[in-house]
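Each residue of the sequence shown is one higher than the last, beginning at 1 in my numbering.
These aren't lab readings, by the way, just hints derived from the structure by calculation. Please note that the accuracy of each hint is not assured.
What the hints assert, rightly or not - Each pair of labels, with its calculated beta carbon distance range:
hint	residue 1	residue 2	range
1	V41	D3	30 to 36 Å
2	L15	T60	24 to 30 Å
3	P45	Q67	17 to 23 Å
4	L15	S82	22 to 28 Å
5	E187	A59	19 to 25 Å
6	P199	Q43	14 to 20 Å
7	A195	Q67	18 to 24 Å
8	N47	Y12	21 to 27 Å
9	P198	Y12	39 to 45 Å
10	D185	E131	21 to 27 Å
11	R171	A122	19 to 25 Å
12	D165	L15	19 to 25 Å
13	E66	E153	17 to 23 Å
14	L15	E71	18 to 24 Å
Predicted model, so just to flag it, every value in this text is computed and none were measured. Cβ coordinates follow ideal geometry from the N, Cα and C atoms, glycine included.
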Amino acid sequence: MPDLLAGVPTTYLDLDGYLADYERAAAALDGTIWKAERAQVFQEPENPSWEAFRAGDWATAIALAEQGSTELTAYFDDLHASGFGLCRVRIVERPLTAYLQWALHVVRLRAQAGERVRVVLAEDLGSLEAEVGRIPELLIMGRRVGYVVDYGENGIARGARRFDDPAVIDRCTALLADLHARGEDLEPFFQREVATLPPPVSPTT
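Whenever a hint applies, use it, and build me the whole structure from the sequences.
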């Protein structure tokens with residue numbers, strides 16, 4: 001199977017090491033942050049909103065997610081003031097998983113705060129993924145460092161593969177920028193595909 005990072009030297013960091021390295025990269029940010037999310041189910045056991053969603057309490061899950069909106073707006077205001085931004089590509093398979101229904105509500109709050117979120121349908125990636133492999137869970141921090149986040153088999157973040165080859169970072173950035181440009185803005189997608197859905201029946205999917 002093709003692999004976007006085949007042959008690229010990477011360093012594996014456990015979760016603590018990854019988070020510490022990410023903080024250093026964020027403090028020295030020198031360009032736009034690019035993020036791709038491909039998996040349709042993650043687990044976020046330290047997120048109170050996700051815990052409420054998981055317990056089947058949809059109203060509380062949404063209310064808890066909304067509590068951080070002021071802090072999010074301040075974060076994106078600071079990021080934009082520095083001349084940078086955060087661009088997310090959310091790849092979506094239909095029908096939506098229950099997790100993704102919740103996650104798109106959360107990501108919409110981030111978009112309202114200033115994140116640049118666009119949706120790409122997995123069904124439109126056939127030829128691209130045949131060429132480069134399944135799009136990984138990529139995070140590119142400006143021009144200096146990138147990560148492929150490792151969520152293991154259970155969807156819980158447990159570390160990341162770090163790389164810093166400028167040519168590889170440029171290649172990954174170009175790929176994500178192209179996907180972002182081809183994608184649909186989150187808001188119309190959300191209104192059409194998510195807003196009218198009833199609360200998920202099975203929070204385990």
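Here is how each hint holds up against the structure:
no.	hint	in the structure
1	V41 x D3: 30 to 36 Å	violated, 22 Å
2	L15 x T60: 24 to 30 Å	holds, 27 Å
3	P45 x Q67: 17 to 23 Å	holds, 18 Å
4	L15 x S82: 22 to 28 Å	holds, 27 Å
5	E187 x A59: 19 to 25 Å	holds, 22 Å
6	P199 x Q43: 14 to 20 Å	holds, 19 Å
7	A195 x Q67: 18 to 24 Å	holds, 20 Å
8	N47 x Y12: 21 to 27 Å	holds, 24 Å
9	P198 x Y12: 39 to 45 Å	holds, 41 Å
10	D185 x E131: 21 to 27 Å	holds, 26 Å
11	R171 x A122: 19 to 25 Å	holds, 21 Å
12	D165 x L15: 19 to 25 Å	holds, 23 Å
13	E66 x E153: 17 to 23 Å	violated, 31 Å
14	L15 x E71: 18 to 24 Å	holds, 23 Å
In summary, the structure is inconsistent with hints 1, 13 from the numbered list given earlier, while agreeing with the others.
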